[in-house]
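> Listed below, chain by chain, are the residues.
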Amino acid sequence: MTVKRRAIAAGAAVLAMALLAACGGNKATTTTNSNTGAGFNAAVGKVVNPSTKKGGTLQMWSSQDADSWDPAIGYYAFVWDLNQLYTRTLVTYPAQPGTAGLKLAPDLASAMPDITDGGKTYTFHLRSGIKFDDGTAITSKDIKYGIERIFAQDVLPGGPIYLMGQLDEGQNYPGPYKDKDPAGLKSIETPDDSTIIFHLKAPYADFPYLLAMPGAGPVPQARDTGAKYALKPASSGPYMFQSYEPGKSTVWVRNPNWDPSTDPIRKALPDKINLTITSNADDLDSRLIAGTADIDVGQTGVQSAAQIKVLQNPSLKANTDAPPNGFIRYAAFATTVAPFDNIDCRKAVMYAADHTALQTARGGPIGGGPIAPNMLPPNILGSDTKYDPYNIVQGKPQLDKAKEELQKCGKPNGFSTTIAVRNNKDKEIKSAEALQQSLAAVGIKANIYQYDGKLLSTVIGAPDNVKKNGYGIMIAGWGADWPSGTGYLQPLIDQTFILKNGNYNLPEIKDPQIQSLFQQTALETDPTKAAALYNQMNHIVMEGAYYLPFTYDAALNYRNPRLTNVFVNQAWGMIDFQALGVSDGK
Amino acid sequence: MFRYIIRRLIAGVITLLVVTLVTFGIFFMVPKLTGTDPALLYTGKQTDKVAIEGARKKMGLDKPVIEQYGLFVKGLVVGRDYDDGPDKTHCPAPCFGYSFKNQFNVWQRMLSDLPVTASLAVGAAVIWLILGVGAGIISALRKGRAIDRAVMTGALAGVSLPIYFTGLLSASIFVYTLNWLPSPGYSPFLQNPLTWAQGLILPWITLAFLFAATYARLTRATMLETLSEDYIRTARAKGLRERTVIGKHALRSTLTPITTVFGLDLGALLGGAVLTETVFNLNGLGKDAVLAISTSDLPVILGVTMFAAFFIVLANLIVDVLYGVIDPRVRLA
Amino acid sequence: MTTDNTVRTSPGPTLAGPPPPGSDVFLRINDLRIQFKTDDGIVKAVDGLSFGLGRGKTLGIVGESGSGKSVTSLGILGLHRGRGRNADVTGEIWLDGEELISTPQERVRQLRGQKMAMIFQDPLTSMHPYYSIGTQIVEAYRVHNAVSKKVARRRAIEMLGRVGIPRPERRVDDYPHEFSGGMRQRAMIAMALVCNPELLIADEPTTALDVTVQAQILDLIRDLQGEFGSAVIIITHDLGVVAELADDILVMYGGKCVEYGPADELFWRPEHPYTWGLLSSMPRVDRDVRDRLVPIKGSPPSLINLPRGCAFHPRCPYSERDGIPCRSVVPELAGEQQHLVACHLPAAQRRRIFSDDIAPAL
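Protein chains in written order, with the UniProt record's numbering: chain W, 1 to 586; chain A, 1 to 333; chain P, 1 to 362.
The following block holds chain W by itself, in its conformation from the complex:
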């Protein structure tokens, strides 16, 4: 129903735009956008309109409200990006374009942690002069309390719970509301107001990434209203909540108690930031193009009507970016389902696939994203987009090679298999159809099985079910919660992550080499060295032909030319909102 309605809406919008074009419209565009755009993808890898000019009101829009402004609950990527306005964490991602943005830097902490005890103890020292918006000092206890809140899943469910996994250590800590012990969570020590010590059970080199999530930000216990905290969270960042009307709007104003000298990351240029939620995504696009909206914080791309309009007009296209957002789309081969237990049969599919057709199914190079040559997207340290072992990026199916592989796997005339795909993702269904078509050319007959997308975790996420029903090929997508190889790759390829339900290691990769590499990365606190290890894992996965990568997701987003300091922060896979300013001071 919704899908259909949206389709109608999109159709109507396209028609409306077409009618307008016929009227010789575009008046609004030419008048408001007098300054020429910085160019397509200008904010990818560099900064558009660098500036330190303060003042003005930033008009942010979105067609979707935050899932929650409570830092312990919010899980949407854009909400984490926006959390930077009011939530500071011990460490965070620097406001830098390119891969520089992926390397954690101290934020509330004065320096990166001292890691001792064989990688099991992390000690942070806080900066001095850091304050909440009410003027009270931010102490190590506020950070501990913030993390403790995550444990109260019966009050604050919905956010990531990685920290629970790392810090509970058998205590069964129920969260601060039900806990009677004054010591609270035992794995965190706060010997004084500016020191916080984390004791892990086992070394975990990615631990700092978990501390960069908003849920690890400080919360003053006195102002914690539990379930209602989301309506007005305290601020440790440059902006504080002036108002929040769920589903309608949020207004942030300057936090007078934020001291720029304590914050090396944030610029805090606008005086005020409005976020307006609209139910009409086409109208949002119109506002962006008319210049009355600055940016769509959802960053999920303009609607099809506006996309046509923008791409046809070079001066409008110059105000757009289509950066990879950290998501990868792929097909996974079930190694438990014949003939995909045979690597050569998997390779046959790799070669037979028409990657241009798959990219088109995803929405083309701009709306969908670039063809992915391997399983590590560009925003993960260790990614190498030049590594193309199956010669995928050139785009054409390689039928001779596919036939050769079929010969090798003993199925020279092809075979039959099933492609399992969610029925509520149009692009995935189209991908499955494109794959089905290209496989037919080498005699591989693939039936498409569509299942209720909401049941993902029990249909393709249940290995027994996959084997029973013979889902040889499963269409899926994946994005990491943090930009390290562990955060990204572990659920996909680590043998210990194979679950009975909700499994993401769909091929059920059980490779001792990979397991030993993960053991190394857990200890490797140097991100650059860890990157090399992830690169190695990527090679193993690709050589094993477990996954057939389609595209690195991208979406065409529009930026108002009046915006300053626009760049894509790879950590979020989108524009870094806290860096934005407005050039006209309005």
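Derived from the structure by calculation, the hints contain no laboratory data.
Glycine is no exception: its CB is placed at the ideal position from the N, C-alpha and C atoms.
A few of these clues could be false.
Said to hold, decoys possible - Straight line, CA to CA, 25 Å or less: simulated DSS-like cross-link-like pairs of lysine-lysine:
#1 P:150 x P:115
#2 A:88 x W:232
#3 W:425 x A:32
#4 A:49 x W:201
#5 W:454 x A:57
#6 P:115 x A:248
As the list claims (entries may be wrong) - Label-pair distances were calculated between CB atoms; the ranges are:
#7 W:384 x A:112: 47 to 57 Å
#8 W:121 x A:115: 51 to 61 Å
#9 A:160 x P:212: 50 to 60 Å
#10 W:271 x A:7: 54 to 64 Å
#11 P:329 x A:157: 51 to 61 Å
#12 A:314 x P:158: 41 to 51 Å
#13 W:314 x A:314: 53 to 63 Å
#14 A:79 x W:271: 35 to 45 Å
#15 A:115 x W:183: 46 to 56 Å
Stated by the list, open to error - Part of the chain A face toward chain P, derived, beta carbon under 10 Å:
#16 229
#17 231
#18 233
#19 236
#20 241
#21 244
#22 248
#23 249
#24 252
#25 256
#26 327
#27 329
Using the hints, position chains A and P against chain W.
Below, chains A and P alone, put in the same frame as chain W:
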């Protein structure tokens, strides 16, 4: 009369309770039938058992359905306490609870969104009444002529074109191309009546266009029927001017069925004009409903459903009472 | 011409123009034709009707439904004219020296309700259900008389009293549905007479009423006629109704006049087979209950496609007797003195059939 109204009000309250019961039933039946779990919608990407159990507990979905309904009714009648974690919040009657998703107080939210929906509905109603009834009368009096055909064609367009189309097209033309109007949106009437009207004019017209079409057809049909009534012949035989015959005798009879339909339409719209509010991004009850349903936000779903049902029950009552005033043959007892 | 003759002007089609000056004829209809264009064809509802009516006199127009009698009355009032009413009206209607068909509509409207008024068949559907009786009478009065509402209301109460409504000052605010059938018809009469019309047309004034009430209403009309001196046309399908009331009777069939004459004459010596049929089907108080009513066989003709020749011939038991060309030739309306008949049967044979076969059975 007074006793009649009291009786109807009591029946209305029972109707509302039945509505909530059915809504409750649907909310809990659908996941059972489709095998989905509403708690899963509140755990983000997590599929961890701790998170799902936590979400279920927080929303009270771990309790038996009967108990949940009992608590809901209790909240409505005497209010109820909610555990927020660090403390408890008392939610005074009538308490619809707090949004699962956004924690807002549902009752207060409904009250604050009602003016938006009411502004939209009432403004559009005035326009469609004037346009629809006017066009219908002209059409009936010029039956078979060019203007009749033009009006009926327009009416057909009105009922067939989706609001998505007319809304987006009108906004594109008048707001973004001609710059005649500001972007549609709601601002309180008391703040500035002019901006209130400017922001709502497009939604009004778009919504009114849809209804005006129906009313034009209804008015035309009723008018034609009325014109063939004996008492119209009598009125003419008395030597009344044609203007009086049409404007007084025929119109009064024509408006009676229209009053009924109008009352019910307005009542239904006060519960939320879903499409118009969505297209023009007006934060009224209709948008709340869409949002609540798409996020399985039970307290909000119950709130908007009950609000909508309330207005329909109320509109029914008003229409019935009004009918007794318009038509002296109807006596309420 | 005798004085008597001028009053009962012959309804033959040859006469045209206004009644001679100084004559007593108040209403004169000449060759009135009313046709409606419909999708099925042209409905010739009234086809060449002529008659006259003197001041203070009463004419009864009798016929089955669909014979064109009501259309005639509405035609006199000019209610077929106006936008959207696709009627074609020709001929002449002289009312008190004024020809109405060629007169502007606005003038006819002013005459309507004032100089000529009408009482309708079903007082329940003919009165507006949403307005009180008083309001409707006041409206009828004020449209022709520039008086205040108060004065008009007093007049309305007075009129209600005159037509025999008890306690009119209280009943004046009642709605039509709160009146009984007879009361409603009285109110309707009060409304019609409120402007002292000189011509009153009563279209089936008693059909919808109980038998006992019927007589009261007829008495009332007669009394009021005496009081106001109006000319009255009573339209009915029931000869009995007009027998006592009317001076003249005009029998219509298929849009035409088939028999016309003084009431006594027509009642006691009817000559048209259709009139005999009407008489036979009329219930009479003085008749024995066991005697059966004899309905006219067959049904009224289609006004779009009238039978050729005499329109009554398919139902007439005497048609084509002795080679009379009933099926091909339209009979002329002719006769001696004031009694005119449109029938091919020789006059002598008609009288014989009536006195030998019909009258004894009545």
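> Honestly, which of those hints from before does the structure not fit?
none
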